[in-house]
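Each chain, letter by letter, is given below.
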Amino acid sequence: MADFHKADVEKLMDGVLAWPAVQEMMKSPKDIDRFDKYVEILQERVEWDEPILLPLTPALFIVAKDGERVVKCRCGHEFGDYRVNWKISALINVRDTEESLAEVYKGREMPDPAWVQLREYCVPGVVVSSRWRSSRGVVRPISIFCRISTRSIPSGWVVRCPTPPSTRTSHPTP
Amino acid sequence: MAGLSLAERIQADKEAFAKTGNLFGLETLTRKEEDRGEYEALWHILSNLCNVAWETGCKVSSSPIAVEGGDALWGLHLPTGEAICVSRGITAHPGLLADMIKNFINLGYEDYPGFHQGDIFENNDPHYGGIHAPDFDMAMPLFYEGKLVAWASAVTHVSDCGSVTPGSVGFLNPDCYSDGLCISMEKVGENDAYYPWYERRVRSRTRTPDFVMGDARGRLAGCVTIRERLIEVIEKYGLDFFLEATQEFVEDSRRYAVGRVKTQTVPGRIRKSQFKDLAMKDKNIILGKQDVDCLMALPMELEVGADAGVRLSLRGASGTVPFGENISPTALKSGLLNGYSHIVGFDMFNSGPTAAWDVETPPSGSWANPFEVDYSASSGVAWAPAVMWMSNLYEVFGRLFQMRGFVEEMAAGAATTMTAEFAGITQLGYYLAGLTLEQASNGSPARGFADGENSAWCIYTPNADFGNAEVTELYYPILYLGRNIEPDSGGYGRFRGGLGHTAVWMVHNTPGMDYQCGDAGMRSKVVSNHGMYGAYPTFPDSPSYAHDTNVKELIDAQEPLVHDRGPAEAPTIDTAIKARDLQSPAPAPFLTPEPLQNYDIIVHPISGAQAMGDPVERDPAAIEVDLNKGWTSPRVASDIHGVVASHNGAYTVDAAATEARRAEIREERKKSAVPFKEWWTEERKKVAAKENMDPAVLDMWRSSMELSPDYGAELRSFWDLPDDFEF
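Protein chains in written order, with this note's numbering: chain U, 436 to 609; chain V, 1491 to 2217.
Take the hints with a grain of salt, since some may be wrong.
[Claimed, not checked] With a cut-off of at most 25 Å between alpha-carbon atoms, the simulated BS3-like pairs for lysine-lysine come out as follows:
1) U/LYS465 / V/LYS2160
2) V/LYS1726 / V/LYS1637
3) V/LYS2161 / U/LYS541
4) U/LYS441 / V/LYS1752
5) V/LYS2160 / U/LYS541
6) V/LYS1504 / V/LYS1637
7) U/LYS522 / V/LYS2175
8) V/LYS1771 / U/LYS541
[As the list claims (entries may be wrong)] Here are some chain V residues the structure puts well away from chain U; computed CB gaps all over 12 Å:
9) GLY1527
10) ARG1578
11) TYR1688
12) TYR1920
13) SER2034
14) PRO2083
Treat the hints as calculated values from the structure; they're not laboratory data. On a predicted model such as this, the values are computed, not experimentally measured, just so you know. A virtual CB, placed ideally from N, CA and C, is assigned to each residue, including glycine.
For reference, chain U alone in the conformation it holds in the complex (with noise of 0.2 Å):
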């Protein structure tokens, strides 16, 4: 069995490892205790101190907060329950016009607004002032309105919950 030092994985995280130490992580057999290693690294380089439980995104992480389940941001920011989807209490910018698709896509480029929208979400603000750590040592405050989630979806689709709504009064509508 593989095992892969905690200062690997957090190259590899963060885009550093060499190549060859890739391709050798990609070869072997999984280190039994990836997981906790993952979450350790992430504990560390977050400010707040509710226990990683299970990691959503790179950025968004199911924690444990007063005997509840909940989903926070790296930036410090609380969603609410895991059970209920994240996007819902998120900030949106929506691209649903030529002139606000033209701020990403070029002439040719252009996607049809009539067919296509971009819905951009964001972390709302920041609770704590969060300064991310990499391995190189470089500190950024990247978690700043940090956009974490992109969906291009022709108007009408649902923000669908993990739980579907079996009638309209259980699901959380906004």
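Got chain U; can you put chain V on it based on the hints?
Then chain V, alone, in the frame of chain U:
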């Protein structure tokens, strides 16, 4: 199992699996445990045997698709059909070939016409599990001392299958009757030779019979190679060892798939939306019903069970389309092995994992299950929606791997597949219809630790190879004016997708040639839905062409020509040449309304793959490299990535100014973003009024909601719409 017919063995295997949870009831892998060395040796010998068949078969084949592109595959199967191992090539097919062999058995062919050494069986009919007509699937039963001990299989993508338009990407086919030559679960030869009437049919009903028959002989040569070498293997290792170890290979692979999902992902449910357009209104079509734009919903719901079983659902899939973009559930499920081979299974690739993956029957009447409602639906290019649906697996598994910390296994979404086919008289004076292999060289998806690779990846074959330009020029009446890495074609994120490339062709030395810019999984109206972790997806596919040009005069005057695509807002083709008919961009897919002629120009881009992460978190040093290689534009570097760079012979990034610019971008986000609830309130009014929704969007929602009522109820519920609301 002695004394049982093959059909009875299939049934017995099914019962043993249901009872024990192990394929063939194999609770222990005895041969593996007894001698791991011999077990591994046999696996590698058999795998190599399939690769030798691929080398031989491709060389015997005639069409550039097989010979130059290697767009083919050979396999070795258990007597009951399960793939033991396969060659390199189009890994989308092992599942299809395995199901085809099982189908021959279950349809009673063992009794009539019987299975004999040297028999050749084929199918390309989607109504019997084929994927689409140009993929000719073949199987040969292999006997040892009078006993059927295995099957050899092969598939080649032929250059023309006789469909309503020339070539092999039948996106324009209006119904199955226009899909071309149909081989419906047939015995097509014996004693290692095709029947004479098989060749007559090919000569009568395909446009390139020499190529099609050449490829048929290539399939046969590869299968005979497998058979002859297999006899040597059995004589060396013994028949009992061969039969038992090969069953264990399949069960071993199932265990590997289950083990990997169990130890590297998390249980639960992930839903992933995906959409594909087919903009065909006011274009060159076959039947009136095709004068329509279509948008297809390709949703994936994937559930990993506590036992690491994987269940997939397509609830919400939209209805059939009056084009070739429909696929049977059998073919879709078989094709899943393709996605699996990229994402989960890198070891012992065979039929084993499909036992652990359960696909819920897609909604009847949808693009993924057409025939119960519309028997005549075309599957001319069934891969088109299927590969895009399967590309969801990248992001879905990428997210699952991330949750367990396996960053080295993460990948963002796939690139698209836009084909180029030519049909006409070549420079050598004969008629040719066929596909270039440009699309077999996309950028690869961004990874959790690095950018994707440029022009080195393809979703339908790990054997990514766009062929040599010089060889392509030998087959087709074209000359390459350029083949360049396409800047910014890998999305915008912390890690970008690998970049695609653009081919620039000049039509040369032909009395006339049709250019079919085909849909084998492309988009022209929408972008993909793979903005993983906040990245922007790649832009839509948009080719160009110029017909009746002044290029000859420019050559005579030694003036510059079109060698690249140029900036998005100022394409090179728009200004470098003059043309009577300039289509820039030409909304894909399309078939040119009249043949292109000498000195016409085609600009055919091949997409990059998707990016991952917030673009303002991309390492400025990586942007500097991209700027200096011409892989990103100053606008994207500045506006999307927030990088401030100066140019003095080379680009240099200003770190402090970049930090400041990125802080500004974050502030701009703060200003432009609104609380979700606020947006939902306004958007609900627009949805209820069907505002800013193209008819194609409305049609898609209508059919998705009708075919999957629970999905419709969820949509109405989310937007708080009346129970009788319809789009």
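Here is how each hint holds up against the structure:
1. About 41 Å separates the Cα atoms of U/LYS465 and V/LYS2160, which puts this hinted pair outside 25 Å; it is violated.
2. For the proposed pair V/LYS1726 and V/LYS1637, the alpha carbon gap of about 17 Å is at most 25 Å, so the pair holds.
3. A hinted pair counts as satisfied when its Cα atoms are at most 25 Å apart, and V/LYS2161 with U/LYS541 qualifies at roughly 23 Å.
4. As the CA atoms of U/LYS441 and V/LYS1752 are separated by approximately 22 Å, the hinted pair is consistent with the 25 Å bound.
5. At roughly 23 Å between alpha-carbon atoms, V/LYS2160 and U/LYS541 fall within 25 Å of each other, so this suggested pair holds.
6. Note on V/LYS1504 and V/LYS1637: the hinted pairing holds, with a Cα-Cα distance of about 22 Å set against a maximum of 25 Å.
7. Straight-line distance between C-alpha atoms of U/LYS522 and V/LYS2175 comes to about 20 Å, which keeps the hinted pair within the 25 Å bound.
8. Simply put, V/LYS1771 and U/LYS541 have alpha-carbon atoms about 24 Å apart, close enough for the 25 Å limit, and the pair holds.
9. Separation of V/GLY1527 from chain U is adequate, the least Cβ-Cβ distance of about 19 Å exceeding the 12 Å criterion.
10. Against the 12 Å criterion, V/ARG1578 stays outside the reach of chain U, whose nearest CB is about 18 Å from its own CB.
11. Remark: the non-interface label on V/TYR1688 is consistent with the geometry, its nearest Cβ contact in chain U lying 45 Å away (cut-off 12 Å).
12. Against the 12 Å criterion, V/TYR1920 stays outside the reach of chain U, whose nearest CB is about 36 Å from its own CB.
13. The Cβ of V/SER2034 sits about 8 Å from the closest Cβ of chain U, inside the 12 Å cut-off, so the non-interface label is violated.
14. Listed as outside the interface, V/PRO2083 is consistent with that label: its C-beta sits roughly 20 Å from the nearest C-beta of chain U, beyond the 12 Å cut-off.
When held up to the earlier numbered hints, the structure conflicts with 1 and 13 and fits the remainder.
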